[in-house]
Structure formats: C-alpha cells, structure tokens
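**Student:** Read off the chains here:
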Amino acid sequence: MAKLIGTPQKRKEDPKLITGNGNFTDDIKLPGMLHGAFVRSPHAHAKIIRIDVSKALALPGVVAVYTGNDLVGKVKSVPTMWLLPGADLKPKDRSALAQGKTRYAGECVALVVAENRYIARDALDLVEVDYEDLPAVVHQEAALLDGAPLVHDDVAANLALLWKAGEVPEEEFQNAEVVVKQRLYNQRVIPNPIETRGAVAQYNPGSGELTIWCTSQNPHIHRMVYAGVLDIPESRLQIVAPDVGGGFGSKIATYNEEAVIGHAARDLKRPVKWIEDRKEHFMATTHARDEVIEVELAGKRDGTFTAIRVKNTANLGAYLSTFGAGCPTIDFGLMVTGAYTIPKASVVTYGVYTNTTPTDAYRGAGKPEAAFQIERIVDLFAQEIGMDPVEIRQKNLIPAEAFPYGTAMGVSYDSGNYHYTLDRALDIADYASLRAEQKRLREQGKLLGIGVSTYVELCGFGPSKVAGAIGFQGGVWENSTVRVHPTGKVAVFTGTSPHGQGTATTFAQVVAEKLGIPIDDIELISGDTRSVSMGWGTYGSRNTAVGGAAVAIATDRVIEKAKTIAAHELEVSVEDLEFSNGIFSVKGVPTQSRSFQEIAKSANFAWNLPDGVEPSLEGQSFFDPPNFVYPFGAHICVVEVNVQTGEVELKRYIAVDDVGRVINPLLAEGQVHGGVAQGIGQALWEGAVYSDNGQLLSGTFMDYTMPKARFFPTIESHFTETPSPVNPLGAKGVGETGTTGAPPAVVNAVMDALRPFGIKDLDMPLTPEKVWRAMQTRGENA
Amino acid sequence: MTCKKNISLSVNGVTRQAEIEPRLLLAHLLRDELNLTGTHIGCDTSQCGACTVMVDGDVVKSCTVLAVQADGKEVTTVEGLGDMEQLHPIQQGFWEKHGLQCGFCTPGVMISMIGLLKENPNPTEEEIRDALEGVICRCTGYQFIVSAVQHAAQLIAEGNAVKETTMSTGEGR
Amino acid sequence: MKLEHTYTFDIPRDVVWKLIQNEEVLKKSIPGCKSFAQMDDGIYQAEMGVSVGPVKGVFTGQVQQVDQKEPSSYRLLVRGKGLPGEIDAVADMRLDEVGQGTQLTCSTEVQVTGVLASVGQRVMGGVAKMVLGQFFKSVDKEMKQLATHSE
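Quick note, the sequences are listed as chains A, U and F, same order.
Note that my numbering gives residue 754 to position 539 of the first sequence, counting from 1, and the numbers run on in steps of one.
Note that my numbering gives residue 11 to position 9 of the second sequence, counting from 1, and the numbers run on in steps of one.
Note that my numbering gives residue 1010 to position 100 of the third sequence, counting from 1, and the numbers run on in steps of one.
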C-alpha cells in the first residue's frame, strides 16, 4: 500500500456536503415535531416583575410556554465545568430560564413551543414581561471599582476568581537594565460559525430515553452535563452531534437552551426543535477574549530577557461558562513566556463578572492572548533598545538542543526547532529585502510595515491527572475502537467530534496506511454517545494529537490480533510473520500468505481460531497523553498603511508552522488559512461592542465585521516538521496556529508601519478610523 | 396568517406544488416543505449567503425571497447541481481543491460562484474574491475556495473544448 | 445616545409654551401616533408606531412632563415598550425668544434595548433626527392653525 500519512488526500466527508446531502441539526425532521423559540431579556440587568404568557398560549398553534418558575425542580442550572483550584472561585451558573433577574441582554426568560417556527416566533411577541431596569456594568475594570453594580449580590466587587502563578522578586524589575511595560486590550470577539446553535430533542415516554441532536463539539461532555441538569441517567440520554457547521470553541460549552428543549420534549412527549437565529447567536452563544493585559518585560541592554510579569483582567460575562474559568488562567497563564528563555515569570488573573454574554473558548482559548502579549512586548523591548525585532527573537528563542524545555511557568515544551522555523520564514519573506524596501518607501512618505511573531502554543491537553490538578471537570484522554467487519472493511470509532476538520479523512489515512487497505474501505464514526463508548471531543487542537493517537494504537492492536490468527492459519509462529501492504506472509516465503481481508473473515467467523483467542477483530485504545504538545511557528506580515485614510492593506502574509508530523498537508494548509483569517480578523476588523447599558451593538453581520474573501492576500503557508515525542503519530495540532500567530504579526506590522508617527500601540481591531485618528495626533493619545 | 396560497414552481427540473402562507420564505419552502435541506440558513440579514439558490438563472438569497415570489419560476438548489455519478464542475472543484471544511456555507457559495462563472468564465483571483462578497465562510479563509473556482473554470473550459471538438468532427453519439 | 435638535417657530414664546403641551397638538404631531391621552396631571399614555431602519414596531408608554419653568423650559420623561425593545428617554426642552419667534432646543438622552439597540442603533441617530424634524414641523403647522382659529 502506498504511503498515505503525509500525503494530500481529497476528503471523504465532501461528497455528501457538496451534493446537499449533509445532515445538520436543522435538517432533522421528526414526525409530530414542534418548534421552540426563546423569549430573551432586552435588558442587560433587570428584575423580572411579572411574566404573562396567557396571550401567547391563546394563539392557535402554541402548545406550551415555559418560564423559569415552571422548571423549578425539573431542570437544574447548567454548571461550569472548570473548577479552578486556589483561585477563590465563585462559580455562578445560569438558570435554565431566568428566575427573578436577568444579567445580560439575551438571557433566556421563557420558551414558547408551537406547531411550527413561524407560530413560535409570533407567540414570542405575545409573552408579556415587565422588567425593572437595574444599573448594568459592562467593562471588567469598571466592574471591579467600588460602588459598581453587582452582577451577583453575593460576589463582592464582581470578582469571580483571582488566580496567581509563578513568582518574580521585585528586585528583578527594580534592578533590571531595561523594563518595558504595556497595557494591551485583547478585545472581545464572537466565534460566529456559519451554522448557529440548535437542538432537536425526542423523548420516548415508554423507555424513558431522551435523544438530543445538537450542535456540539463534544457530545459526551454534553451528555454528562445534561444528564445532571435534566436528572436523567446517562444511560438513557443520547447526545448526537450530526454534521456540525463549524464551532471554533463556541460549541464546546454546554448551554441552557439545549437542556430546556430536552425538557420540553420530555414534558410534551413530542419532538421539539430549536434553531438559533443569527441575532440570538450573537447574544446567546459564548463570546471570547475580552482581557485587559498589563505586561512588564525586564531584560538587559544587549537584548536578553530576564523576567516577565503579567496581570490579566478578564471579562467572564454574567455567568461562568463551561470552561470560562480556564481560558484566562491556565490556558493563558502557562504560556506567557512564549517561545523564549525567560528565567522568571509570574501571572495574576482577575476574572470578573459583568452584565455581558459569558465568555469561553474561541480557537486558541487563552493561548492567542498569551502569544499576543509576549509578541507585542518583545517588539516594544526591541524598539526600546534599538534592536531589530528578528534579532531580539533570535537572541532569546529557546534553542533546539534545550528540548524538552521546562519553562518558568512550570510546563515542559515537548520539542521544537524555533530558530530553523524562523529562518525558513525569513527566507521565504526575503526579510532583508523587505527592510530595504521599507526604507526606500519611507523616504517617499509611504508606510510599509513588517511584523513578525514567533509563537508557541499549548495543545492536545493531557495527561488526565494534570486536568484533575487544574480543576478541569473531565478527563482529557481519548478513545478509539477500530472494528473490522467480516469483509475486511473497517469502522473507526473516535471520541473526538469533528465539525469541519476533515478527521474522517486524516484518521482513515492513518488506519489505511497501517492496515494496507484502501482509504475507501474505512468509515469514521463519531459524534454519537450511543456509538462511541466515551470520549472528550474536538477542541484545543487535540483531535489528531490525542484522538488520532488512540486510533493509531487501536489499529496496531488489530494488527497484533490479526497476526496471531494469520500465524495460526499458516502454522508458523508470530515472529516468523511479516505484515506489509495488507498481506501477512511468512518471512522469506511470500507465497505463504493471508490477506488482511481473509483474516478479517476468519476472525469474525471464528471457525478456526488459536486457543485462547476470542472471536472478532477489534482493537481499542484509551490513550492518555503523557504531556501536552506545543506547536509553534513564525509568521511574517507585510502591510501598507494608507497615510490619507488609515486603511491597512495586507501585502503579504507568510506562515511557517511546525505542527509536528503532518498527516494531510492539504487539510493542514486549509486549517492554517482559516485560522490566519480569523487571527487577522481579530487584529484588523472584528470586535464585539456593547453600549454602556449593556446592549450588544455589534449584534448582526451588518455590524460585526466578518472577514470577506477580498480582505486577504494569498496566504503563504509552509510547514517545518519537528515530531512530538508525546504521541505515536508525532502530531501536534494545527487548528489554532493561525489565531495564535496572526494577531501579533499583524499588529506588529502595523505598529512598524506607524513608527514614523511615534505610535507605539493601538488596541485591536486596527480599523481605519482608529489608525487615522492616531496618525492625526501623531500618537500623543495612543 | 390563515389565508394560504397555492404556488407551483420548478425545482431542479421537477414541478412542485405547495399550499403556503404568503409570508413563507423561499428558504423555508425548500427546506421545510420540499425537504431540500442542502440550502442552509446562516443569518437573518442576508449577509452570509448560505441560502443562495438560482431563480430563473439568477443568483438570489432564498432567505430574502418569499416563496410566493418564486411562483411559476425555475429554482435550482445544490441538490440540482450534480450527483456523485456526475458532479458539476464547481462541485468537482470544491472537492479536489479542498474548498470546504464544515460544508455549511458551501452550497450557497457554489451556487453563487456558478453565477460568477456564467458571466465571467475565466475570472482572475481578484475577480473571484470580489465575487465572493455576498457570502461568508468562517472555516477556509477563502483561499481554497478561490482555487476551487479556478479549477471549476478550467474544467468547464475543457468540457466546452471537448464538446466543440466532438461537434466539429461529427464524432460521438 | 445623546441627541440635540433645534427648531425655530415663527410664533411668540407664550403661545408656543401653551400649545406645545396641548394634547390635540401633540396627538396630531407625533409621527406614527395612534393614541395619546392624558392620564394624570402632566402624564400621558401614548401609543406610537416607530420605524428605525429595518426595525419596526408599535410602542406603548408614558410621557410625563416635569420641572416646568414657564415659559422657558420643561423636561419630558418618556418610557416606551414595544416588541423590538424598550425606550427610555429624558428630553430637556428649552424655549428661547428669538425676535418675534421662539427657538426650541430639545436635548435628549435616549437609552434603548432589544433589537432596537442591536440592529437599530446604527441608524438611530439619523432616524431620530428625522422624526424630531417631522414632529416640530407638524407642531408648527398645528399651532399656526390653532393660533389662526383662536384669533
């Protein structure tokens, strides 16, 4: 069989998607199905005085209306699942439907269930809710001030958590030759997959079984959480993630709507569907980032870094989302030293409740913010001592021979060759010529900027004992079963839950190469808690590094068993057999052989198995990785800022990423493109905007700038490959490289362009207006 | 909302009749009444283009058209482009060049690009990027969508060249 | 959101003062006004159709006049509730004599919620300006008619 790992392969998942035969949540239609729609609070902070559902109930076609009071004792609040230890965490969970008070605009107040979605929408307008408006607080720093409105009466100063890690003696800064300080605002962004959230629930009143099809990145986590929320045994709750139209972290979280729809189906004994519209999605699905980061980097005049300390004031929104506590603490804090040898580091994170939509993971979850602050402060340090940003990086990057490298934050980077990857990017960009060009253009009054980022990120969470130590309420291992049918066709089960990554293809490449069978003989089964025994889903770039590793190990177990059976049939010892290209043959006697398909049949028929060997041919693995994996890369961005308008034109974008061993370069490059587009999106255009009274002003695609095709140049994507020693595939994870590497590369480029104006920093997004205003004041107010 | 209206339209070459509320959107007619769920809905403000279909050969966003407006017209959805036995060149382009990831926006994007290729059979990268203005893809960063459209243009051109050769030599059936 | 609007009436200030608080004038002048009735001294119950860009809806609410300093200023408190959201506004009305006429300056602080905020806010400044413009123009017309009749 030809080599498949490392080759570009067309995707197995595409035929159904390009012919309109996908099966997304909203495509599910069940007999007797009802439609739900949620009444949402128009206020960011208000007391609910009265709810009158009588007019809505009187509308023909309306079957039921539920309010918070109706769910007491039936649907519990949806718990957070990251109970960060040592941070005085004050978890506040969302009620299934608001009771007494609403704490952000868009919070669910009531559910209307009707015969079709149009009637449900009509009925929303007939539910009368009287509110008493309360003062709202939107920004995290304002929320910490004395006298700020309290989002939760029993959480003083709105402080949900205070997390500290690492220590740096004050003298490190007092005595340092150079200290550079900067306050950076990593603005709130909205993941916005093109498929919004939704759920279809069906209850069997006879068996007591409830099935919820929903837009989930991790159906087993959803099952575990909703089983508790709905008080139903996990064994009777089936969660299915059908085709899922993107997630980017927003479909990791467990939400109240899905649980309430499940309850409605159980209560009404009829299937119920709810599909979020985009306006709802903007308010109801998790947002991300929104962190004020103050960073200080100390070092020597020669450019050597000696210590870093970071303060992060993070906006968690009105409630603690599923993994909301982890993003600005563990995910962010462990990575603040970036790709550099910085001997001392400390982080403190203030997690703050506000009257806004809860924040949680978004493509990178904490790591992009970590990369952003270190990559920005490194540039400012270079500027301070008059050194080229590339040179200062080369001076401080962790050298290849230092791996595995233990950082000041206590984590161990698995493998890397940071200098090599940076050199590749410099070569591709022709850095020296770019600098010469910049000098020439500056003389003509043109503003060319070159930005570099040499990021590293933490992916593929593991081992599970670490998850336990940091309060993550779950395991981070992954499960795979490789099941061989009698014909030799193979079903691969995975506990990850892909939603666009192309996992059916990449995992098939791994299995097909190992088994020596065609890719088309392999089907991936995922996303259904009844098919897959257990698993933890797809997020944090763990799909290949952890899930793929489990697949590889399970496949090896299949081969091991098949070999025993083949040896028995060929009457030789296992040691005398070799397996290649799907054929078990006796060493030196190639004619004495059995094909994989023949052994598949033998194993399943079990007519002639060796003693002690059980029938069937199946391998299973529960792989718990010994460490995280650390993808890294060097991104170079070239921009030109229009002096008249402040517009930033992207001239070139070079991404050299090292994601360990690449399984499918075509798909890996696709992941880089998408990630870079989102990263550039955050740097230049995207941003959630709230009014002072907590109204989301960027609440539609008319107001929230989603990147469009014409915004981008061709992204020049390349890979270097430093395998990870942490898993048998040597893979690291590619999904989040772009959102991590791109924002600092772009902002560094724009700031580089604006140097003639003396502008050192501007908050993202770098909109034309912001850049133009800064140029008008020549950076005085910047 | 009780006054219902009968409409008759051709969808992917098949005549379909429906009794509908006048306010029903074409997107919902296709998805909920005719069970053609390949057309998706991604926003409420006609920005995302996931719902794009063709009505009498024009590219329209079916979430912005009332079903009654399609009465008597010919509608083409992704289901009508081609099947696995005979894919439309745009489908081939998207498959071969990895023009899709989650696949949710893809039906609308493909139809919108068929519209482009009808007007401009050999578009430049810049022209393709401009023509993608009416759609949003959150997964791909658009680059492989551009490659997919270029590939489709090439396939269409090759297909036309083959047709012309066959016609001029009188070969074929 | 803060808004300021100025309109000059070709009518003496004491007449403007009297008529601008006249129920009939207001009812006829408020754009989209469906009903307008005095409930209590200085408190009116109103129903009004509002259209802000793509957001349309009927709002019901109360308008209250306070801090009346005849003939130069008063304050309007407006609280409205409709399907697209809620409106909470405080408007300071100042009447200055300009020659024979009166210049009315309306300074408003408006808070909105719901779709009105998320979808409408972007275009609300322009719409509000237009609505206020229409309002004062109608008031002007109504006043002139009333003033003529009463003469």
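Just so you know, the hints here were simulated from the structure itself, not pulled from any lab data.
The structure displayed is predicted, hence computed values, not measured ones.
Among the hints, erroneous ones may be present.
[Unchecked claim] A few chain F residues facing chain A, derived, Cβ under 8 Å:
hint, residue
1, Leu-993
2, Glu-996
3, Thr-1018
4, Val-1022
5, Ala-1027
6, Ser-1028
7, Gly-1035
8, Val-1037
9, Lys-1039
[To be verified] Beyond 12 Å from chain A on every Cβ pair, some chain F residues (computed):
hint, residue
10, Gly-967
11, Val-976
12, Asp-998
13, Phe-1045
[To be verified] Restraint ranges, calculated between C-beta atoms of paired labels, are given here:
hint, chain 1, residue 1, chain 2, residue 2, range
14, A, Gly-276, F, Lys-937, 33 to 41 Å
15, F, Thr-1015, A, Pro-350, 49 to 57 Å
16, A, Gly-625, F, Gly-963, 37 to 45 Å
17, F, Asp-1002, A, Glu-931, 39 to 47 Å
18, A, Asp-361, U, Thr-66, 19 to 27 Å
19, F, Lys-1039, A, Gln-859, 51 to 59 Å
20, F, Lys-1039, A, Lys-610, 42 to 50 Å
21, A, Gly-625, F, Lys-1039, 57 to 65 Å
Virtual Cβ for every residue (Gly too), placed ideally from N, Cα, C.
**Student:** Look at each hint and say if it fits the structure.
**Tutor:** Here is what the structure says about each hint:
no.	hint	verdict
1	Leu-993	5 Å, holds
2	Glu-996	6 Å, holds
3	Thr-1018	15 Å, violated
4	Val-1022	7 Å, holds
5	Ala-1027	4 Å, holds
6	Ser-1028	3 Å, holds
7	Gly-1035	12 Å, violated
8	Val-1037	15 Å, violated
9	Lys-1039	19 Å, violated
10	Gly-967	9 Å, violated
11	Val-976	19 Å, holds
12	Asp-998	7 Å, violated
13	Phe-1045	24 Å, holds
14	A/Gly-276 <-> F/Lys-937: 33 to 41 Å	37 Å, holds
15	F/Thr-1015 <-> A/Pro-350: 49 to 57 Å	29 Å, violated
16	A/Gly-625 <-> F/Gly-963: 37 to 45 Å	53 Å, violated
17	F/Asp-1002 <-> A/Glu-931: 39 to 47 Å	59 Å, violated
18	A/Asp-361 <-> U/Thr-66: 19 to 27 Å	50 Å, violated
19	F/Lys-1039 <-> A/Gln-859: 51 to 59 Å	29 Å, violated
20	F/Lys-1039 <-> A/Lys-610: 42 to 50 Å	58 Å, violated
21	A/Gly-625 <-> F/Lys-1039: 57 to 65 Å	59 Å, holds
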